[in-house]
Amino acid sequence: MSSHQPTDSSTPQRVGEVVESASHRFQAQCYQLYQAPPLGSLVSVGGQGEARDVSPRVYGVLTGIDTQGLEPGRPVIARGAEAQREEDIYRENPQLEHLLCTRFEAVVVGYESADAFFHHLPPEPPRIHAFVHSCTPRQILEFTHSPGFLDLLMASGGGSQAVSDEVVASCLRLASVHHPDPRSFLVGSGKILALLLASEPPRVNAMLRRLSP
Amino acid sequence: MALDIAKTAAQIDSMAGHLADATYSRTQQVDRLMAALATTDAAELAGRVEASRGRPFLCATPEDALDARYQPSVLPADFSVASVDGSHIDVDRHIPVRCYLINIGGCVFTYGSHPDARLFSQPALYAAEEDIFLNAPATTSNDSVAVQGAVLGMLRTVKEVEGLAEAAESADPALPLLALLDGSLVMWGLAGRGYPPFLREKLLGEMLMPALDSLQAQAARRSLVLAAYVSLPQTTEVLNTLRLALCQQREDICQQSCTSFRSAHSPCDSANGLLDRHIFQELLAPGERSGIYRSNSSVSREYYGPHQVCFYYLNTGTEIGRVEVPLWVAQDENRVALSHTLVMDQVRRGMGYPAAIAEAHEQAVVTGQDRETFRKMVDAALERRHLPVYTSEKNRSKGTRWL
Numbered sequence: 001m002s003s004h005q006p007t008d009s010s011t012p013q014r015v016g017e018v019v020e021s022a023s024h025r026f027q028a029q030c031y032q033l034y035q036a037p038p039l040g041s042l043v044s045v046g047g048q049g050e051a052r053d054v055s056p057r058v059y060g061v062l063t064g065i066d067t068q069g070l071e072p073g074r075p076v077i078a079r080g081a082e083a084q085r086e087e088d089i090y091r092e093n094p095q096l097e098h099l100l101c102t103r104f105e106a107v108v109v110g111y112e113s114a115d116a117f118f119h120h121l122p123p124e125p126p127r128i129h130a131f132v133h134s135c136t137p138r139q140i141l142e143f144t145h146s147p148g149f150l151d152l153l154m155a156s157g158g159g160s161q162a163v164s165d166e167v168v169a170s171c172l173r174l175a176s177v178h179h180p181d182p183r184s185f186l187v188g189s190g191k192i193l194a195l196l197l198a199s200e201p202p203r204v205n206a207m208l209r210r211l212s213p
Numbered sequence: 001m002a003l004d005i006a007k008t009a010a011q012i013d014s015m016a017g018h019l020a021d022a023t024y025s026r027t028q029q030v031d032r033l034m035a036a037l038a039t040t041d042a043a044e045l046a047g048r049v050e051a052s053r054g055r056p057f058l059c060a061t062p063e064d065a066l067d068a069r070y071q072p073s074v075l076p077a078d079f080s081v082a083s084v085d086g087s088h089i090d091v092d093r094h095i096p097v098r099c100y101l102i103n104i105g106g107c108v109f110t111y112g113s114h115p116d117a118r119l120f121s122q123p124a125l126y127a128a129e130e131d132i133f134l135n136a137p138a139t140t141s142n143d144s145v146a147v148q149g150a151v152l153g154m155l156r157t158v159k160e161v162e163g164l165a166e167a168a169e170s171a172d173p174a175l176p177l178l179a180l181l182d183g184s185l186v187m188w189g190l191a192g193r194g195y196p197p198f199l200r201e202k203l204l205g206e207m208l209m210p211a212l213d214s215l216q217a218q219a220a221r222r223s224l225v226l227a228a229y230v231s232l233p234q235t236t237e238v239l240n241t242l243r244l245a246l247c248q249q250r251e252d253i254c255q256q257s258c259t260s261f262r263s264a265h266s267p268c269d270s271a272n273g274l275l276d277r278h279i280f281q282e283l284l285a286p287g288e289r290s291g292i293y294r295s296n297s298s299v300s301r302e303y304y305g306p307h308q309v310c311f312y313y314l315n316t317g318t319e320i321g322r323v324e325v326p327l328w329v330a331q332d333e334n335r336v337a338l339s340h341t342l343v344m345d346q347v348r349r350g351m352g353y354p355a356a357i358a359e360a361h362e363q364a365v366v367t368g369q370d371r372e373t374f375r376k377m378v379d380a381a382l383e384r385r386h387l388p389v390y391t392s393e394k395n396r397s398k399g400t401r402w403l
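Protein chains in written order, with the numbering used here: chain V, 1 to 213; chain C, 1 to 403.
Think of the hints as simulated: they come from the structure by calculation, not from any bench.
Ideal Cβ placement from N, Cα and C applies to all residues, glycine included.
There could be a bad hint or two in this list.
To be verified - Some chain V residues well away from chain C (every beta-carbon gap over 10 Å; in silico):
1) Tyr-34
2) Pro-38
3) Arg-74
4) Asn-93
5) His-129
6) Thr-136
7) Met-154
8) Asp-181
9) Val-187
Said to hold, decoys possible - Sample of chain V residues at the chain C side, in silico, Cβ under 8 Å:
10) Arg-91
11) Glu-92
12) Pro-94
13) Gln-95
14) Glu-97
15) His-98
Claimed, not checked - Among the chain C residues that face chain V by a calculated CB cut under 10 Å, a handful are:
16) Cys-107
17) Asp-116
18) Ala-117
19) Arg-118
20) Leu-119
21) Ala-356
Turn these sequences into a full structure, and let the hints steer you where they fit.
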């Protein structure tokens with residue numbers, strides 16, 4: 001654990017609910033349209049209330065966000081030919097807020113049990129309908145203090161390799177601001193990436209460039 | 001192969017050829033009727049309609065000039081629209097339990113400074129004896145009608161109006177509200193002689209009228225208009241009124257030689273083969289509505305009382321739609337204007353069809369997959385209680401289709 005103990009009075013914000021779940025990834029639906037956490041951010045699932053005894057708090061990193069119609073058979077059509085502003089479309093068609101939904105996908109990068117963090121897959125995946133919370137600065141600091149979470153993140157990928165690298169870089173940039181010395185954190189993370197991708201120097205260089213704030 | 005596509009295609013092509021030939025003739029017919037529309041006195045014709053109940057065709061009573069045209073008024077800054085639609089799973093004699101399901105779906109949209117939407121759907125399963133059969137009052141007869149097919153369709157329509165009355169109650173009372181239904185307000189299915197009188201009394205007197213009364217009572221407390229929108233209407237009531245205006249035959253000759261669809265004499269045979277919308281397509285510019293007409297459907301006249309059905313036609317820009325309103329809306333110019341304005345706005349938002357009706361339909365619809373799931377759930381529920389689960393051999397054979 002870090003010797004740096006930040007004061008953290010903020011509470012995690014509930015941002016969605018798990019609608020698909022597997023050991024290495026989960027998908028969540030946002031409660032509000034377009035209100036997904038940023039790409040690459042750390043979120044937690046479960047581990048609260050009565051379910052805590054039987055279900056550890058799982059941590060994930062957002063690898064993708066998408067917004068589409070809630071019902072597969074109803075294609076979204078262009079509605080703004082006569083609208084002056086995008087928001088006018090939503091004002092003119094208030095039902096859209098209920099018929100569109102934003103979902104996000106996260107890869108599992110570890111879990112928390114008995115107040116200890118583990119940077120490997122949890123014994124069981126998050127439950128369907130488990131609440132997804134954004135992480136507090138303190139959770140982010142403590143979870144990313146050790147670089148072990150990068151192993152799972154790099155191994156999981158987020159689709160194509162390019163997306164995966166973007167997500168990793170974004171994750172590290174977002175986490176760095178919660179560390180007492182963000183630059184030191186990014187430099188240390190860069191070294192880990194160089195080790196993990198020792199056989200791919202061009203890819204490492206591209207990722208290191210993306211780590212610049 | 002079930003359908004020989006090649007043989008069908010040839011017949012479709014022949015049909016299209018006949019339609020093309022008929023179009024030229026129709027244009028000439030419409031011209032003659034438009035001339036009658038412009039020169040006939042509506043009040044005099046209305047009197048003639050009232051005195052001509054023995055004709056073999058149903059005329060509407062004009063409440064306004066025949067060639068009247070109205071523009072929509074200014075859209076209110078804030079207003080709501082509520083709509084309800086229904087879908088059902090009919091009684092299936094191939095499954096072991098007699099039951100049906102009615103799903104009522106709908107929406108309440110609020111437009112203006114605080115846009116909002118509420119969507120809902122409420123399924124209800126009916127399997128009790130009193131739901132499966134509608135019975136005549138015990139004191140009058142032991143007659144009963146099974147609720148399935150067309151009767152279930154009519155019961156569903158009643159449930160839709162009840163649902164609309166409930167939805168209207170939930171809308172902000174400070175805002176003008178359009179309560180909008182899909183289809184006709186007239187329960188045409190009860191117009192014929194195919195059902196016993198007690199069924200009309202039950203469906204209309206005991207169920208539909210109280211729901212319409214509720215909407216009228218709400219309209220007394222707040223700004224509310226009830227309207228029903230018929231897309232691509234097939235009705236001929238106005239055309240029949242013009243047919244009456246043109247007819248030069250005595251009523252008894254008309255009864256003997258003409259039918260509800262065709263006149264055997266000139267010049268009223270100009271109306272043969274046409275629909276009301278063919279006339280109003282010529283008369284109305286986009287956005288305009290016609291004058292008000294009162295339906296003389298026997299169901300509406302005899303059972304609807306203050307809700308007797310009136311209607312106007314509306315050129316939405318993409319089609320001629322028919323908007324039906326109860327008498328208590330039709331007799332109030334402001335309410336008619338509000339219905340016209342808000343229906344037009346709904347059509348604009350819905351890109352050709354009222355947005356709230358389209359959404360209500362989406363909330364109500366029961367898909368083929370839903371029906372299959374429902375059936376499996378019924379089987380599973382019976383099995384859990386160790387009740388016999390079976391199907392007909394006919395139904396089983398449709399599932400197997402072996403060679």
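Hints broken by the structure, by number, lowest first? 3 and 4
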